[in-house]
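Enquirer: Below, each chain spelled out in residue letters.
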Amino acid sequence: DAGITQSPRHKVTETGTPVTLRCHQTENHRYMYWYRQDPGHGLRLIHYSYGVKDTDKGEVSDGYSVSRSKTEDFLLTLESATSSQTSVYFCAISSGQGAGEQYFGPGTRLTVT
Amino acid sequence: GNSVTQMEGPVTLSEEAFLTINCTYTATGYPSLFWYVQYPGEGLQLLLKATKADDKGSNKGFEATYRKETTSFHLEKGSVQVSDSAVYFCALSAYSGAGSYQLTFGKGTKLSVIP
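Those protein sequence lines, which keep their order, are chains A and B.
Under our numbering, think of the first position of the first sequence as 66, with each following residue one higher.
Under our numbering, think of the first position of the second sequence as 777, with each following residue one higher.
Keep in mind that the hints were calculated from the coordinates and are not lab data.
Everything hinted at is true.
Derived BS3-like pairs: lysine-lysine, alpha-carbon spacing no greater than 27 Å straight-line: (1) 886(B) - 76(A); (2) 828(B) - 844(B); (3) 135(A) - 122(A); (4) 853(B) - 883(B); (5) 883(B) - 122(A); (6) 76(A) - 122(A); (7) 886(B) - 832(B); (8) 832(B) - 844(B); (9) 76(A) - 883(B).
Computed, partial: chain A to chain B, Cβ under 7 Å: (10) 96; (11) 107; (12) 108; (13) 115; (14) 155; (15) 161; (16) 164; (17) 165; (18) 169; (19) 170; (20) 171; (21) 172.
Built from N, CA and C at the ideal position, the CB exists for glycine as well.
Can you make the complete structure from the sequences, with help from the hints?
Expert: Below you can see the structure in the form of structure tokens.
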């Protein structure tokens, strides 16, 4: 299994508070991704990174920002959490080789009250 | 843009039954195709993949064939077990620049296998 951890695994926060989720990998993969998973929507890409300090927006990036200061860490920040951001968040990594397959972390369940 | 459509669930089967989960895609170029599986409370795991037309991906008794003429990648297993109960996602991979590939997912199909 790919070495990917996410923290925290569960979080409950109040509307309007900032929240940061962390993804850590031990595979030295270049590419990292943040997705959210919601019933009826499958997985949707929020942001991705193609190297240290290199990031780009995905399909549902509004209200989210990311940073990548080291190869192994990719942070997702909700500047001011809203109830619509209640979701399960997954980090994924890819080497960019092969068929473009990605390997997923265990997820963070975020509830915004 | 790219899209993946997979059959609506949930699907409930008895143990040892035959499984088919349909998946069709729309994409420009020649994407790679994947099936991922998600067990309760876990992240997605890559189940199998195919990278070109007529390729057959297989793993753990599951298989799927890349059919370019019908733009399909249906998942099959001859005899399901209770331990196969999970959500299955079909996905395609397309090059998005800067050496990066992006995955487009179907909405998932929940499979429940009863003894």
